[in-house]
Structure formats: structure tokens, C-alpha cells
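Taken in sequence, the protein lines are chains A and B. In terms of the numbering used here, the first sequence opens at residue 14 and continues consecutively. In terms of the numbering used here, the second sequence opens at residue 147 and continues consecutively.
None of these hints come from the bench; they were simulated from the model. A virtual CB, placed ideally from N, CA and C, is assigned to each residue, including glycine. Treat the hints loosely; a few may be bogus.
Anything over 10 Å on all C-beta distances counts as not near chain B; from chain A, calculated [to be verified]:
1) S58
2) N59
3) T197
Straight-line alpha carbon distances no greater than 27 Å define the calculated DSS-like cross-link-like pairs of lysine-lysine that follow [stated by the list, open to error]:
4) K181/A to K356/B
5) K150/A to K213/A
6) K204/A to K356/B
Okay, the calculated beta carbon distance ranges per label pair [unchecked claim]:
7) E298/B to R72/A: 43 to 51 Å
8) Y226/A to D200/B: 42 to 50 Å
9) K213/A to G280/B: 49 to 57 Å
10) L341/B to E183/A: 23 to 31 Å
11) Q215/A to Q159/B: 53 to 61 Å
12) T395/B to Q215/A: 51 to 59 Å
13) Q240/B to V223/A: 16 to 24 Å
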Amino acid sequence: MTLKLGVPSKGRLMEKTFDWFAKRGVTLSRTGSDREYAGAVEGVSNMELVLLSAGEVPRELAAGRIHLGVTGTDLVQEKLPRFEQQVEELAEMGFGHADLILAVPQFWIDVDTLDDLDAAASAFRAAHGHRLRIATKYHRLVREFLTDAGVADYQLVDSQGATEGTVKNETAEMVADITSTGETLRANHLKLLNDGLVLKSQATLWRSRVAKYGPDEKAALNTLLDLLEHRK
Amino acid sequence: MALRSDIQARAAQLRVRFEAAGAQVVDTPLLQPAGTLLDLYGEDVRARAYVTSDALRGEQMLRPDFTVPVVEAHMRHGAEPARYTYSGEVFRRQELDPDRPNEYLQVGYEVFERDDAAAADAEVFSLFALQVRGLPLRAATGDIGILMAAVEGLNTTGKRKTALMRHIWRPRRFRSLLDRFAGRCPVPESRRKLLSTEGDLTGSAVEIGKRRAAEVQARVEALRADAKEPPIAENELLALEALMAVRETVPFATEQMRDIAVDLPQINPALDRLDARTAAMKARGVDVDNLDFEASYGRTSMEYYDGFVFGFYAEARPDLPPVASGGRYDALTRQLGEGEEIPAVGGVLRPDLMLQLEEARK
Chain A
14 MTLKLGVPSK
24 GRLMEKTFDW
34 FAKRGVTLSR
44 TGSDREYAGA
54 VEGVSNMELV
64 LLSAGEVPRE
74 LAAGRIHLGV
84 TGTDLVQEKL
94 PRFEQQVEEL
104 AEMGFGHADL
114 ILAVPQFWID
124 VDTLDDLDAA
134 ASAFRAAHGH
144 RLRIATKYHR
154 LVREFLTDAG
164 VADYQLVDSQ
174 GATEGTVKNE
184 TAEMVADITS
194 TGETLRANHL
204 KLLNDGLVLK
214 SQATLWRSRV
224 AKYGPDEKAA
234 LNTLLDLLEH
244 RK
Chain B
147 MALRSDIQAR
157 AAQLRVRFEA
167 AGAQVVDTPL
177 LQPAGTLLDL
187 YGEDVRARAY
197 VTSDALRGEQ
207 MLRPDFTVPV
217 VEAHMRHGAE
227 PARYTYSGEV
237 FRRQELDPDR
247 PNEYLQVGYE
257 VFERDDAAAA
267 DAEVFSLFAL
277 QVRGLPLRAA
287 TGDIGILMAA
297 VEGLNTTGKR
307 KTALMRHIWR
317 PRRFRSLLDR
327 FAGRCPVPES
337 RRKLLSTEGD
347 LTGSAVEIGK
357 RRAAEVQARV
367 EALRADAKEP
377 PIAENELLAL
387 EALMAVRETV
397 PFATEQMRDI
407 AVDLPQINPA
417 LDRLDARTAA
427 MKARGVDVDN
437 LDFEASYGRT
447 SMEYYDGFVF
457 GFYAEARPDL
467 PPVASGGRYD
477 ALTRQLGEGE
487 EIPAVGGVLR
497 PDLMLQLEEA
507 RK
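Just chain A, with the same shape it has in the complex (with noise of 0.2 Å):
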């Protein structure tokens, strides 16, 4: 049997996730076409590679599927209840940085802070009939941040794309949403909430606590182990 790594199978997070397992001896490779998603390892005998969409990865994780996996911190938190139970993090791997933030317009001169935002909200509510509403494609770390922090009167509207147009397009009033540079959300009029970081994230090696290790996955994921920890 055959130790299964995850890794995103598009663009930059896959380029990138090559080029560290390479800086430590592992040579990971696509085979056949581009669009084939297939994929060779050299360095540890006994390991496969598997090319799946990053959101997919903390799933296979968590049913057994794959054992190790390389993904981003917020998808893990968002998408495993009590992840540290499913999976184990092996490395952080210095790329895919991202900021799980909330970020309300600029002219919003009011609105700097949790606090104001928890009064925002309670005006806006009684102002319009409805609850503060908050454009986000990460429900469940958005949801347990607010409450941890005592906001009320908001609601979370699904967004899977183009979130920060939401607010010019009046279906949301703010947004939760993954940011970098911050770029994106100054060109839609945005800005950072001084204590609204939620997440902070960046590409991971996870191991999976539930998946199945006969003799042979053991002895790769050993292997593979010596390799990261020459390389640290």
C-alpha cells in the first residue's frame, strides 16, 4: 500500500507545493497531460501523489482517503469541526499567505472597531427592517468569531466569489472575506476593522490522524519525516 499525499492540482499553490517537497529531496511531477490529474513522487518509495482542488483537500483528510494533504489553515478550521482531532500539522510551508478579515466601506468613518460595529448594526437593523448583512464564503469562522466577540444583529449572506462587489451591489453591507495585500478591498472602497482579524492562513502539510498506516505507509511517511527534518 501506498502512502497518499493531497495536493491542489491548479496554479501557483501546486507550483509552489512542488518546489518546497523539491528544496527537500522529494520530486513531485504531473504525468501525461496537463489535463490528466495524475502524478509521480521520487525520493520516498511507497508515496502517491494525488491532484485534487485545495477545498477538497481537509475532507479527504478527515475520511482516511489521503494522509498527508497540503491546503490552507482557514479552509481546515472552516471545514473540520475540532480539526487538532482529525489532523495533525506538519509543517507550515511559508506560502499561500492569507488573512481571514472583515472589512466594511471606507466611508464608514464610525466604524473602526467589533464595538462599533455591534452598535452599526443594532442602528442598521432598525433603520431597515433587516440584520446588518455580511457577505462571506467562510460561515462557520465568521459565525463563531462574532459570537466569541458579542456582535449581534448581523447575518451572513453566501458569497463564493466576487465578495467585495457585494456592498456596491447592496446585497451585503460588509464582507468577510480572504485577503492578502488588501489591494482588492481598497478598489471596492473597503476597509480592515482594526480587531476584525479572524484567521490568519497559509499553506499547510497536514497529516491525517484517521487514515489507515500499514508497515509500508509507516515506513514512508518515516522517511519523508527525515527528509522535512534535515531540511528545517
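Position chain B against the provided structure of chain A, taking the given hints into account.
Okay, now just chain B, sitting in the frame of chain A:
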């Protein structure tokens, strides 16, 4: 774990006893419109309730409790006074603890009664005490009404009091509001700058979204007005903190709170109501001298209760949720009643937990 059939049999038995106490049986649909529950509890309820939807009725929730639908049914076509009982499944999402069931039976008793609140409170509490008699449980009681009276009578602006009242059930936010209104925390630099300005603000930022510039301006003016108000006085604040910390048997708690009322005289009417309730409970045979009272009880877990609150806990099993809990929820009937209101008090029992504790004792 007790057999499902045993739990159902026990639930039926408990309900019969509530019927014998004069309650009529009500049933409510398993699927509840999500809107009412979301309006009431806010987005937090999604973490606790299962949400489903169809194209016709939109979002619906699997009944997370009976209180809301029973109140709605009563407000639509109930006669007064009324006593109701029910038994059935409720559903709770569990994302953290796999040992907690996501579906279980609740048996409840609710009283809608205008005349004698103290008597109705005592009736409900002693009925529940009777149902769980013999089990190794500790009773906890409290009264959110006393804290609400304390806040309402604070010597400060109506806006501040409204803000505090809104967060009675969120102790952390309540605390931070209180610190701010007492001038205990420093004003952030950005706020200081904003407050140093005057008149209408003309910024260069583009106005986007449904929250308009006039609303921003209105809040800026409210902040300026608030900054001119004096902080909440130290003696009031200390008394309020002392009140929130009261945790004693009923007689001692009452004595402590009467002392606190020297600085917070606004709580005296609420304490009179507590005295009346204590007398009514005593008359029903409740051992009030050894009954626990916590002034902050119910603030984290019982959002719509606004008066008497109670819970029965397994002493040897702090990991279990309360076997029985309930309280007074006058404001909820106002909120759901569309102009109508009626004082109401009630509670629920968990037959599964009762059986579990009985088995453990064998």
C-alpha cells in the same frame, strides 16, 4: 443509554402528570420557519439548529425547542389563562461534542397567566421539582429581572441603558460596554480624532452600500453627544458588580441584595417580587432556605428569559446538560405577539437524562 421506547414511555408519563396539573396538550410542527428563530436569536442559532430549505417556503429549521411555536400558537388562538404541556423531539446541531445527542425528547409545561406572577413561578418550579424528586440533582435559581431593573435605573443616558439591555445575555460584550460607559478604557486614537471634529463630515471616500451617509452622520453625532456625558458613577458600578456576583442560598442572597439596593434603589421592586415568589414557593413546600440563588444565573444560556430562571443539574455529572430548566419570558410574548403580550413562565424536562441517572444509581 436508555432504550428509545423507555424514554418515550417516561416522556408520556411525565406529560400525563403535567396534564393532571391542569395543562392541555399541544403539538407543534417539526419544521419551523427559520425567519422567526433567526430574528429572535440572530445568526448564532445556525450553530445550534439544523437548517433546511425548499423553493416554496424558503429556509426552515428542525424545531430546536418548543417555546417559540407554543407561544406563537397561544398568541394566535389561546384562551386566558392557559396551561400547556407537550412532549416530542427537538434537534440540536452538535459540532463540538460527539457524545451529545443531536435529537432528544423534551417534555414541557408552560403557564400563560396575567394575575399572579409569583404564584405561577412557584407553581412551575415546584411541579418540576416534583417530577425529578429522588434524583441526585442540585437546583439553581436566579432572576434576570433584578439585573434588568438595575440597568434600567442607572443614572445615565437612555441610549447607554438600551445598549446594555441589548447585551444582558452576552456577558462579555456587556462587560466591555460597562467599562466604556464608566470611562475605564482609553479612547482609541481614531475615535479621539473623529470626536475632535465638528459639523457634517465631508470625506473623500465613495459612498457605497445600503447603509447611507446619513446613518453614518447620525452615529457620529450620537458618539459626540455620548462623549459629552459623564461616566457612570463609581458607586453605581461597584454596586452593579456586587449584584452580578451574588451567589448564595435564597435567604442570604436576598439579604445581600437588599444591602446592595442601598446604592441601587431601583432593584427594590424586583426584590419585592423575589420575596413574593419565595413566599409562594415556601407555601408549596419548597425548601427555600437551602435553595441556591445566583444573580447572574441564566445570562449565558437562556436568552429570552427575563425574570425567574431555574435549572436542575446532576451533581455528580457536571458534563451533562441540565435535566430540567426553565423560566419567565414575558418579553418573548411581546416580541412574537404583534402588539399582544401576556406574562408567561415554563420549563422543559429531559426524560433521557432522568433514565440515565436512574440507571447509574442501580
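State, for the Cβ atoms of K213/A and G280/B, whether the hinted interval 49 to 57 Å holds or is violated.
Given a distance of about 53 Å, which is inside 49 to 57 Å, the answer is holds.
Sort out whether K356/B lies within 27 Å of K204/A, counting only the CA atoms.
holds (16 Å)
Just tell me: holds or violated, for the beta carbon distance of T395/B and Q215/A against 51 to 59 Å?
Cβ of T395/B to Cβ of Q215/A: about 54 Å, so the range 51 to 59 Å holds.
Sort out whether K213/A lies within 27 Å of K150/A, counting only the CA atoms.
Holds. K150/A to K213/A sits at ~16 Å (cutoff 27 Å).
Between Q240/B and V223/A, does the beta-carbon spacing fit 16 to 24 Å?
Roughly 18 Å apart at Cβ, these two residues keep to the hinted range, so it holds.
Do the alpha carbons of K181/A and K356/B lie within 27 Å of each other, as the hint requires?
holds (8 Å)
10 Å cut-off, C-beta based - N59/A kept clear of every residue in chain B:
holds (33 Å)
Regarding the assertion that S58/A does not contact chain B, is the least Cβ-Cβ distance greater than 10 Å?
holds (37 Å)
Does the Cβ distance between Q215/A and Q159/B fall inside 53 to 61 Å?
Cβ of Q215/A to Cβ of Q159/B: about 57 Å, so the range 53 to 61 Å holds.
Please verify that the nearest CB of chain B lies beyond 10 Å from T197/A's CB.
holds (14 Å)
Using the Cβ atoms, figure out if E298/B sits within 43 to 51 Å of R72/A.
holds (50 Å)
Outcome for the supplied range 23 to 31 Å, where the beta carbon pair is L341/B and E183/A:
holds (30 Å)
Violated hints are absent here; each numbered hint is respected by the structure.
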